[in-house]
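Colleague: Chains W and S, in that order, give the protein sequences.
Read in order, the letters of the first sequence correspond to residues 0 to 211 in numbering that gives the first Met the number 0.
Read in order, the letters of the second sequence correspond to residues 0 to 468 in numbering that gives the first Met the number 0.
It is possible that part of the hints are untrue.
Stated by the list, open to error - Calculated lysine to any residue pairs in the SDA-like style (CA-CA distance at most 25 Å, straight line):
1) S:Lys7 - W:Lys169
2) W:Lys169 - W:Arg186
3) S:Lys7 - W:Ala170
4) S:Lys162 - W:Lys34
5) S:Lys162 - S:Gly198
6) W:Lys34 - S:Lys7
To be verified - From chain W, some residues computed to sit far from chain S (all C-beta separations above 12 Å):
7) Glu54
8) Ala57
9) Ala126
10) Asp161
Hints were generated in silico from the structure; no laboratory data involved.
Even glycine gets a Cβ: it sits at the ideal position worked out from N, Cα and C.
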Amino acid sequence: MTPFTTLTAIAAPLLRDNIDTDAIIPSREITTTAKTGLADGLFAGWRYTRIGGREPVAGFVLNDPVFRGARILLTGANFGCGSSREHAAWALAEYGFRVIVAVSFNPIFRGNAVRNGLVPIELPASAIAAIAHETEGDPATRLVSVDLPAERLTISGATGYDFRLEPEAKAMLIAGLDAIDLTWRHREAIANFRAADHVRRPWVYRGQSERH
Amino acid sequence: MGRTLFAKIWDQHRIMDLGDGTELVLIDRILLHERTGGVALQSLEVAGRRVNDPSQVFATMDHVVDTRPGRTDATLMPTGSAFIAATRRAARAAGIRLFDLEDPGQGIVHVISPEQAIMLPGLTLVCPDSHTCSQGALGGLAWGIGSTEAEHALATSSLRVRKPATMRITVSGRLPEGSTAKDLALHVLARIGAAGAGGAVIEYTGEAVRALDVEARLTLCNMATEAGAFSALIAPDDTVFAYLAGRAFAPKGELWAAAVRAWRSLASDPDARFDTELSFDAAEVAPMVSWGTSPQHSVPLGHEVPSLAQAPHDTADSHRRALDYMGLHGGAALEGLPIDAAFIGSCTNSRLSDLRRAAAVLAGRHVAAGVRAICVPGSSRVKAEAEAEGIDRVFIAAGFEWRESGCSMCFFAGGESFAAGQRVISSTNRNFESRQGAGVRTHLASPETVAASAILGRIAAPRRLAPPP
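Could you build the full structure based on these sequences and the hints that come with them?
Modeller: Quick look at the structure:
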């Protein structure tokens with residue numbers, strides 16, 4: 000996972016509530032068992048004029064040349080609701096997004112984002128609207144900066160907003176850590192816990208011996 | 000102070016505190032399906048890791064499989080068979096029990112797990128699928144995760160989790176005749192909104208919840224994810240124990256007796272405190288139907304499409320977008336709206352009791368001209384049991400297509416969809432834009448409302464039907 004400390008980039012506004020993972024990446028765009036090749040399908044239903052096509056819808060934010068290269072997405076409440084498909088996080092990351100600023104996130108999507116180096120930042124709707132408003136005239140020069148260690152977002156060195164991310168997610172994003180590697184250090188503790196649990200709740204275990 | 004049901008299960012599975020509010024939690028069961036599970040197994044292999052305990056892992060084929068009669072590995076979705084092949088190969092290599100296409104145990108993951116007692120009270124169960132919360136109906140903690148988290152659970156039998164907040168939803172009284180668990184789920188969603196649970200784990204309780212059978216409880220818990228819940232659960236009781244007894248993977252003999260003794264302690268203590276408490280009166284739950292593009296957009300069947308002022312969880316923009324997409328306006332009547340198609344299926348409403356209730360509406364009647372009607376049983380076992388009762392013949396005689404089990408047109412990963420602009424009444428869980436096909440307008444409802452609407456060719460409650468000839 001690519002570590003994240005600070006980023007200064009164009010912020011693209013998609014200020015809708017309840018953007019679901021079917022909208023982020025429609026099922027029909029998930030055609031391989033790999034985690035890649037998904038960026039073109041990002042927001043396909045809104046981004047292209049027809050199903051399976053690639054002709055851009057003129058009014059859609061990601062098709063607007065001034066937002067080309069955007070790496071920060073500004074959005075509404077309950078972002079990433081619906082299907083747990085991690086393809087939504089993979090598609091956003093592959094497209095180039097590193098930060099999603101939302102009023103709130105669906106819990107499964109939020110976990111998927113952190114596991115893929117996407118920083119989920121929660122700010123009030125009024126703050127997100129203000130950021131979109133302040134940057135919209137000239138997003139390429141009115142860039143947004145995100146300082147994850149300091150938990151602060153600022154617009155081209157001007158208006159600033161503090162945000163909070165829980166310590167484990169913050170640490171993993173900054174170091175680009177793999178969760179399995181971290182947990183692997185505790186494998187003996189897990190095996191011991193399971194052995195004791197096997198005695199407490201024998202009906203849970205299906206008779207196969209531990210393989211540690 | 001007393002503990003909640005959730006806290007009791009959590010404490011039993013807490014391996015260690017990882018600091019800063021994150022805990023390492025033991026995972027008892029991992030379920031996989033070919034859409035997201037194959038990716039997880041494949042990625043685990045590439046990383047050179049192996050499944051820690053294959054006996055706790057089960058896989059099925061449900062998401063992209065064809066559901067037309069006489070199906071093979073071929074799918075209408077281009078490349079769908081690659082997902083089937085990859086999952087089959089990876090499951091075999093890892094030694095995981097797979098319910099493949101021809102297996103009598105095949106079906107939608109959240110239907111087959113309860114029906115085979117893979118899920119049990121007090122267990123932690125995860126699956127890379129958002130509707131995993133359904134299985135909390137059996138009194139355990141079951142939640143949806145992504146593929147990367149599934150890899151973590153497979154490799155370590157554990158997950159790093161931040162303990163969620165708790166929300167108790169008490170439903171007093173009894174559901175009126177004609178109102179179902181699906182209507183209750185939509186009623187709750189309409190009140191609290193699509194983000195209303197805020198990542199909390201919901202405990203459903205109260206007289207109306209205790210009165211539900213297990214299949215109805217599964218329907219209720221199924222839609223907790225539509226409110227942004229971490230999961231939902233219901234304290235296990237004799238109804239659950241009687242349901243599980245003797246099923247394929249249920250403990251047997253001495254172990255069963257010991258398990259039931261332990262399961263009886265799985266209830267919130269009388270003085271347990273919840274972060275949020277909500278109360279509902281079951282008597283107020285009417286047959287519901289959705290009008291917009293989020294499950295929170297639901298109203299009683301006889302009501303009109305709400306105006307912006309009557310839609311508490313919407314902004315002016317989201318309200319307008321939903322109405323534009325659905326081809327409706329505030330104040331429009333929902334009952335009587337002509338439909339193009341009717342769909343009965345999905346992890347929400349495809350179990351035997353759902354099909355029985357729909358069949359009772361369909362018996363002696365026929366689907367309206369021009370309406371395409373489809374029934375997809377939730378599992379191969381549900382299908383076989385329904386056929387043994389003659390339910391398939393009722394559906395077919397009424398003009399329904401009778402399918403093989405799978406997720407099918409709940410979404411269109413199977414490669415099939417309804418046509419753009421078509422209005423579909425559906426027993427599923429999501430009325431998102433283009434969920435059932437590009438431009439398709441989905442109205443969520445109970446199976447009996449779907450059946451009645453199919454007969455009349457317009458959205459209608461079963462009580463609107465004339466007696467069969």
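Colleague: Against each hint, give a clear statement of whether it holds in the structure.
Modeller: Each hint, compared with the structure:
With a C-alpha separation of about 29 Å, the suggested pair Lys7 (chain S) and Lys169 (chain W) falls outside the 25 Å cut-off, and the hint is violated. For a cut-off of 25 Å, the pair hint linking Lys169 (chain W) to Arg186 (chain W) stands: about 23 Å separates their Cα positions. Of the supplied pair hints, the one linking Lys7 (chain S) and Ala170 (chain W) is violated, its CA atoms being roughly 29 Å apart against a limit of 25 Å. Distance restraint check for Lys162 (chain S) and Lys34 (chain W): the Cα-Cα separation of roughly 28 Å exceeds the 25 Å cut-off, and the hinted pair is therefore not satisfied.
With a C-alpha separation of about 10 Å, the suggested pairing of Lys162 (chain S) with Gly198 (chain S) holds against the 25 Å cut-off. For the given pair, Lys34 (chain W) sits about 37 Å from Lys7 (chain S) by alpha-carbon distance, which is inconsistent with the 25 Å threshold. The Cβ of Glu54 (chain W) sits about 14 Å from the closest Cβ of chain S, beyond the 12 Å cut-off, so the non-interface label holds. Distance check for Ala57 (chain W) against chain S: the nearest CB is about 18 Å away, which clears 12 Å, and the non-interface claim stands.
Even its closest Cβ contact with chain S, about 16 Å, leaves Ala126 (chain W) beyond 12 Å, as expected for a residue assigned away from the interface. Once the 12 Å rule is applied to beta carbons, Asp161 (chain W) is consistent with being away from chain S; the minimum gap is 18 Å.
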